[in-house]
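Protein chains: 4
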Amino acid sequence: MLLAELSIWPMDKGESVSVYVARCVEIIDQSGLAYQLGPLGTTIEGEWRQVMDVVNRCFEVLEKDCNRIAASLKMDWRRGRVHGIEQKLRSVREKMSHKPS
Amino acid sequence: MLLAELSIWPMDKGESVSVYVARCVEIIDQSGLAYQLGPLGTTIEGEWRQVMDVVNRCFEVLEKDCNRIAASLKMDWRRGRVHGIEQKLRSVREKMSHKPS
Amino acid sequence: MLLAELSIWPMDKGESVSVYVARCVEIIDQSGLAYQLGPLGTTIEGEWRQVMDVVNRCFEVLEKDCNRIAASLKMDWRRGRVHGIEQKLRSVREKMSHKPS
Amino acid sequence: MLLAELSIWPMDKGESVSVYVARCVEIIDQSGLAYQLGPLGTTIEGEWRQVMDVVNRCFEVLEKDCNRIAASLKMDWRRGRVHGIEQKLRSVREKMSHKPS
Chain H
28 MLLAELSIWP
38 MDKGESVSVY
48 VARCVEIIDQ
58 SGLAYQLGPL
68 GTTIEGEWRQ
78 VMDVVNRCFE
88 VLEKDCNRIA
98 ASLKMDWRRG
108 RVHGIEQKLR
118 SVREKMSHKP
128 S
Chain G
28 MLLAELSIWP
38 MDKGESVSVY
48 VARCVEIIDQ
58 SGLAYQLGPL
68 GTTIEGEWRQ
78 VMDVVNRCFE
88 VLEKDCNRIA
98 ASLKMDWRRG
108 RVHGIEQKLR
118 SVREKMSHKP
128 S
Chain W
28 MLLAELSIWP
38 MDKGESVSVY
48 VARCVEIIDQ
58 SGLAYQLGPL
68 GTTIEGEWRQ
78 VMDVVNRCFE
88 VLEKDCNRIA
98 ASLKMDWRRG
108 RVHGIEQKLR
118 SVREKMSHKP
128 S
Chain U
28 MLLAELSIWP
38 MDKGESVSVY
48 VARCVEIIDQ
58 SGLAYQLGPL
68 GTTIEGEWRQ
78 VMDVVNRCFE
88 VLEKDCNRIA
98 ASLKMDWRRG
108 RVHGIEQKLR
118 SVREKMSHKP
128 S
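Protein chains in written order, with the numbering used here: chain H, 28 to 128; chain G, 28 to 128; chain W, 28 to 128; chain U, 28 to 128.
Just chain H, with the same shape it has in the complex:
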């Protein structure tokens, strides 16, 4: 399963782009895949092709009215992984000698 963190935003709409980001998060939400919103990107979990299809749809919803779009995708694929979002967070927390409060 793939964990992919997507950041995507228009570069031609000024410095406040959360309206455009929200469009993409709606597409991710409606995809049915597990995901987690973060301050600098949204992590999506699924099979490689499923996730890439969602990324393509996010691009298409911005392409309609944007002339320049920046995006980044950070990906970690692991064979046989399930529940990766929770498992990765738990795995790091368990190994800390001083737990964050």
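Worth flagging that the hints you see were computed from the coordinates, not collected in a lab. Just to be clear, a hint being listed does not mean it is correct.
Identical copies carry no separate label here, and so any pair may be met within one copy or between two of them.
Stated by the list, open to error - Lysine-lysine pairs mimicking DSS-like chemistry, simulated, CA-CA at most 30 angstroms apart:
id : residue 1 : residue 2
1  : K91       : K40
2  : K122      : K40
3  : K122      : K91
Since we're looking at a predicted model, the values are computed, not measured.
Dock chains G, W and U against chain H, hints included.
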């Protein structure tokens, strides 16, 4: 204020690297800066120099016993921003027409 | 047209991964799209879907014998852009007051 | 030695940002470190602290007149590496069964 998402891990320790990631999250936790753990990186909030100092310390704690280290840093700096982690998440959620459950 | 810089490598094959990187560069080379090798990634130029198809094929050629794969994609799409790789490099060089030798 | 690919640009200056990128490339050029311009970022080679100091100076030259700055840094540190920019490109090219022309 800067929001910077850090991913850092050794490339010479096999495919399970959460012990090393946990070392870095402890350094971030002890820095006193606001931060948020994510499945593919940890977002740190602070003045540019404060955040970069924490990133340097994360490198130093891995450099001790690792021979190859990969890292990525995604940064969004905005003059005058405060409480950026919460504010960015809230800003996107407010603009979604269908709120995620 | 999209400019997308792809970095992709296995995380379960030790610290020397250039054999696997070379497999992906061959796929990119055979795609017929314009591209440029860099020290930390390969930039591919094409329509969004064309580039994403090449990225998917790079994943598939690693998935055959790797159990964990890391990747990152940095993307800059601009409506109507042609010859983006050369044009972007030229545009920066022209604006430098002291030209690099 | 560290190889770090830096992308940095203002988000509040419209969609054409090469003037600002050129400022940063001048700082990198004057640092005396080895570097390579790419279409989506500039790769800098040096000791960790040397490279991070250059990155900090790039931020400072944009901070003067920009209110929002986006940046990304992709890093690959390897103990004992020298001439990393050339060596990495050569290493991939040598392993390709069909050499790009």
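Structure-based check of all given hints:
1. K91 - K40: Answer is both: 13 angstroms inside a copy and 22 angstroms across each meet the 30 angstroms cutoff.
2. K122 - K40: Between copies, since 16 angstroms is at most 30 angstroms while 43 angstroms is not.
3. K122 - K91: Classified as between: cross-chain Cα gap 18 angstroms, same-chain 45 angstroms, threshold 30 angstroms.
Consistency with the previously given hints is maintained throughout, with no hint failing.
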